[in-house]
Structure formats: C-alpha cells, structure tokens
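Trainee: Assemble the whole structure, with the sequences as input and the hints as a guide.
Top to bottom, those sequences are chains A and B. The opening residue of the first sequence carries number 1 in the numbering used here; numbering runs sequentially from there. The opening residue of the second sequence carries number 1001 in the numbering used here; numbering runs sequentially from there.
The set of hints was computed from the structure by calculation and includes no laboratory data. C-beta atoms are modelled at their ideal positions from N, C-alpha and C, and glycine is treated no differently. No incorrect hints appear here.
To give a feel for the contact side, a few chain B residues facing chain A, derived at Cβ under 10 Å: (1) G1192; (2) L1200; (3) K1201; (4) D1268; (5) T1271; (6) V1314.
The primary structure of each chain is shown beneath.
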Amino acid sequence: MNWTHKDLLDIESLSIEEIRHIFQTSSRFIEINSRSIKKVPILRGKSVVLFFAEPSTRTKTSFDMAAKRLSADSFSLASKGSSLQKGESLKDTVLTLEAMKPDAIVMRHSLSGSAGFIARHLKCSVLNAGDGWHAHPTQALLDGFTLSRTWGDDFQGKTLLILGDIAHSRVARSDIKLFTRLGCRLRICAPRTLIPHDIRNWPVEVYHDLYEACREVDAVISLRLQLERQEAGLLPDIREYSVRFCLGQRHLETAAPGVKIMHPGPMNRGVEISSNLADSKDSLILDQVESGVAVRMALLYLYLARPKHEQEIPEV
Amino acid sequence: MGLKIFKNVILNQKTGFLLVEDGKIVDFRQELPEDSSAQVYDGRECHVLPSLIDVHVHLREPGFEYKETIKSGLAAAAAGGFGQVLAMANTSPVNDSASITEFMLGKNMESHPAGPFLYPVGALTRNLQGAQLSPLAELKEAGCRAFSNDGLPVKDNELFRRAVEYASDLGMIVIDHCEDTYLAAGGVMNEGKISSYLGLKGIPSVAESLQVARDILLAAYLDTPIHLAHISCEESLELIAWAKEKSIPVTAETCPHYLFWDEEIIQDYNTMAKVNPPLRKKKDVLAMRNALKNGVIDIIATDHAPHADFEKEVPFAEAPNGISGLDTALSLCLKLIRRGVMELDDLTWLMSLSPGRIFNLPVNTFQKGDPADFILLDMEYEWQVTPEEMLSMGKNTPCMGMELMGRVMAHFMGGKEIFSRF
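Mentor: Take a look at the structure:
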C-alpha cells in the first residue's frame, strides 16, 4: 500500500483498508519485538521529535522505544523547561523545531485541535499523540490492534462498551470512530454529567446503569477518571462514582463469553476498574502496552519510510 | 457654504438630484434645479442611504493599539458606511472615567474631525469588575452615550438593578451583554454537535437566554429600558418577542455573523469564527433572520472586535473572541435583500434609523433640515474580501477571501466627503 498521508491527526482520515494495513504492519513488528535483537535499520538517519506539552509516561516511552527500535534518532522535549513556559507561542515553538529538520514531530498537547494546528504550519509529518479532548489516534489504533490479535478480522457485529468519562476523553472519541468504522456496535456508560450534551448525534447507545450496559458485550474499555471532575462539580465524590461505575466481575456475568477488558492507563484501581479484574485472564491491559510499541513502529514506518524509500521490513 | 447637488443618485427607487446646503438636506427632486452656482457631484447611479450607525464596536484604544486604533477603526467605519459608532469600554485602562472618555473623543477629533464620530460607552462598573458603579454622571458629562459592562457581564442581580436605575436618572440606557458566566465558564464555542465532536468545551444557549430573561424581568419591574447586545439564539428571541408583546421596554441587537453562519464553520477549528456569544445552530440563524422582519430585533450592530493576526494563529481554545466587522457588515447584509429576507428600507431602518432613535443620535431621513449624513451605495459592485481591502487593522473575519456584492462608494457627513472609492 502506498502511504500518502503526511500527518496522523485523527481516525476519520483513515480508510478501513488503511486501518487494516496498519494492523498487518503492526503484526510484523510484534514479531520483531519478540526477537532477542529488536533493532532494525529501517529508519536509520531519520529524526523524530517527541514534543510532549502535557505529562505522559506510556505514550512517550512507547513512541521513543518505537523510534529507537527502527534506528531513528528521537529527541524529547517537554513543555516544562521549554520555551513554551517562557511565553513562546505554539506556532513559533514548532517552526523552531522544524528548522532543525526533523522528519516527524510527535506531539501531545492539552488543547483540542492543536495537532491539526501545527500540521497546517509544518512540512514534516505530525503524529498526534493526544490533543485535548479531541483525538488520540494511536491509542485507538493500538486498542483495535490488541483486539484484532484475539478476534482476527472479525469485528463486524461485535459489541463494545466504553465506560467512564466520555465527555472529556480523546480516547473515547477516537475509539468510537475506529470501532464504528470496523463494524462494531458501540455503547457508552457514564453519569450524564460526563457525557457530551449532543450525544444523540453519535453512533452509540447510552447507558447509565453498568449492569445493563455490560449485557452481551464482547469487550469493555474502562477509562481513567480524572480526579478533578469532582472539583468541577460533575460528580459528588469518587466513592459514589466507584459504587456506580467501577467495573467488576459481577457486572460481566451477563456479558458475552470470552469478554475482554481493556484500559488505556494509567488505572485508578478500585475507581473505574476493580483490581482483580485488571489482573484477570480476561484483561488485555498489558497486551495493549505491548501492542502500542508495535503500532507506533508501524506508524513511524508508514509515515517516514514510505513512499520515498520503499524499504521492506526485513524478513526473519 | 453653498448648495451642493448630488446628481444621478437613487433614493427610494427614484433616480434624481439630492440637494444639500450648510451640512443639511435641502431636497430630493427628479429635475435638475436651476442654480448654476451649485457644486455638482456625480453619484453615478448609486443608491443613497443614510449614513449607518453601529452601536457596538471595540476600537481598542487606549491600550491595544496593536489591534486597532481609533484612527484605523474610524477609517474602516467610514469605508463601511458607518458615520456614528458606539465604542465599548474594555480598553486599557477601562473607560470608567472622564479622562479616558475625553482621550477617546480627542483621538476622534485628531484623526477624523469631520466624522465618523465615536460615542464612548462608559463602563457600567469600575474597571468592569462588576463590584461597584462607575461615576456614571461624570462619564455622561464627558461624552458617554450609554453604559455597559460588555465582555464582563454583571453577575450580581442587585448591582445590575441599581445600575439600571441610576443610569435612568441620567437619561442613559444600559446595554447588557447577556451571559450567565457560570453556565458559560470555560466554553469556547456553542455547545452542541460540533463542540462534542471537536472536544471543545461548549457554551450552552441557555447561558444567554437566562440572562435575557433576567433583563426582561428587571426592565418590566423597573419600567426602565435595557438594551440587549448581540443576541445569538432562538430562545432569546422568543423571550424578547414575549417582552415586546407585553410592552416591556427592552430593545435588542444582533450582528451580521449571527445572520450568516452557524457552528458548522468551526469544523476545522477555525479561529476566525470564534466569537462570544458563539455562532449557534442553523435554526438560530433562520430564527434571527425572521426576527429582523417581525421587529423582535431592533438593530444590526457589528460587535466589531479586531485582533492581531498572531493572536488568532493559536489553538482554538487560546484564540481571543471576536470578528472584525466594520469593513464587511453592509456588504454582507445586502445578501439579506438579494435573498428576499427584507427590502433596502428595512436594512436602513436596522442599521441607521432604529439605532439612532434608541440611542438618541442624529439621523438622516432625507427630510429638509436633516443632517446631510449619507452614503452612496453601488448594489452591484463585486469585490473580494482581502486584508488589503479592509481598512481595519483587524483582519479577523470568516469573510476573508469571500466574494461580496455591493459596496459603499462614497460617504458624506454634514455634506462633506469623508470617504470615496470613486
């Protein structure tokens, strides 16, 4: 497949074929990541800037490892200690970075639309590692890829529940788009204060009762509850939230057989997911992390190696 | 000053001669008057309309001269057809004292002594803080024409009530920016389909309509006029219609952007369309056009809010609110006529006679003795909105690049030419 995109900003811009191609490419990297020597020279001489203007551990490490395994040079920049803190505008910061000739900028930013904003100003590739509440396409792709390792290509008609703070979640927005495109039926479950006002326009069924929401589901993605939602007056307190919405084994008795549990991390054990369930055999939470590196390798490869060099992934 | 004859001008669908003497209208006739000493000006078959009045502009001076100055703002006003503008108080320092009011008027006289004329709107509360009344009598004395806390609405209902009462003693009207700041807190666009899709915090329409209801009930209780600024949503219109049925003394304005665009144009995080109150839904746009016809809306004002380019070149949530409107308002509103929403007379009412009446400003009805404040409008003139075509320093408008039809070709105040494109 000839990869024509310059940027990865959201899921919408990817066709179903492109999504499947990303999954297939990721499978090759899963295999490479299981070797004793994991480094391949595909992106030798390429440089990738990891610009995380918002704290991140797993996404940043995952991208960093992905770049290094492909032999690209990665450079990290955090907002703390950067000139953004000195009042430099985002546009000036990224134009400065681009002047140093990176091949891609991977950015995490707290404002929705910021990835698209910098992409409009830059000639290098921009990979969105999460922008505000808007999109987190690599998370959605790794979620999809993780399930594809269990389900194969068989997403059609599967029912997936996303549990938790939908309104403020870029993961939820990107997951809903990805899994809808793959043919899944989507449910969401949360108190109304954590659901967008205009939810009628979304291709989802809305639940406020977790038992009902879990009936016949094939997978549940539980989202992290940001503790500041309580301060904003959207929740009475965390304890009451956990009584209503903490996913436990008891909710899954009526779920489809073989139901899978996922969480984008970092988890609040006992708040949005019970500790036992997170560690159970149905949990794919650590598989998601493993898949994350492979998916990000696949994306860096697709965006940076092709079409200019037409390099092939080395065979075993 | 001798007689001036403006030949080849169209007034009320009749081509003829407009006669002006000593800054006043003398007559409009269809035959050439026999006065060889008169100065003759060729109107080139333009429509002649009264000079427009904009009751809601931000001219940014003092304090934000990098966005706009009184000189550049009034130049844009002249070119856009506006001869009188009410300038809001959110300058730096805030216009809450005679010295700032006098400074603004002085700048007007320096740059545009023959017009357009700026009428400062005094801050209703000191430093727009919503805590203590400004010296309203002092502000009136210095030349303020109305009072408003525009941009920072007064949350305290008791203080707002007292402000309206105190202003009414002075024969002054209070303009309210209707927004419940709790409901709107943190919001950056209309709450709805697009905000949830883009992951932006929304401003619900009820944040406006709730405050509109407050103002209507206060105006009724006090039997005192209140003017409602930049109305954006259908629910507010329903409340205003009810108030007018009951003869409650409220008046209301809307802006060109609420008549032509809805939230859909923010699809791509378009900061040029970021404005407060936010662009609403299609149904609100349609209701707004209807409200122009049935008298629920009294005035079209621009809420001209110029910003520097770099301020809008940021992620959406960080961009300042506001659309630069003086250069394009009339040309945009002419679309309403071509689309059959209204006649040219109705537009003249909404953009000149009605605001003049509500804010007690001189207006030109082309009767003998009226001030000779008028524009020559070429209804068929086609132009493209470009930064160079705009005289405002603020190029922040969703119209940028758009083709518009109809343009002010010349502008006269007191019979003197203050702008010409001929």
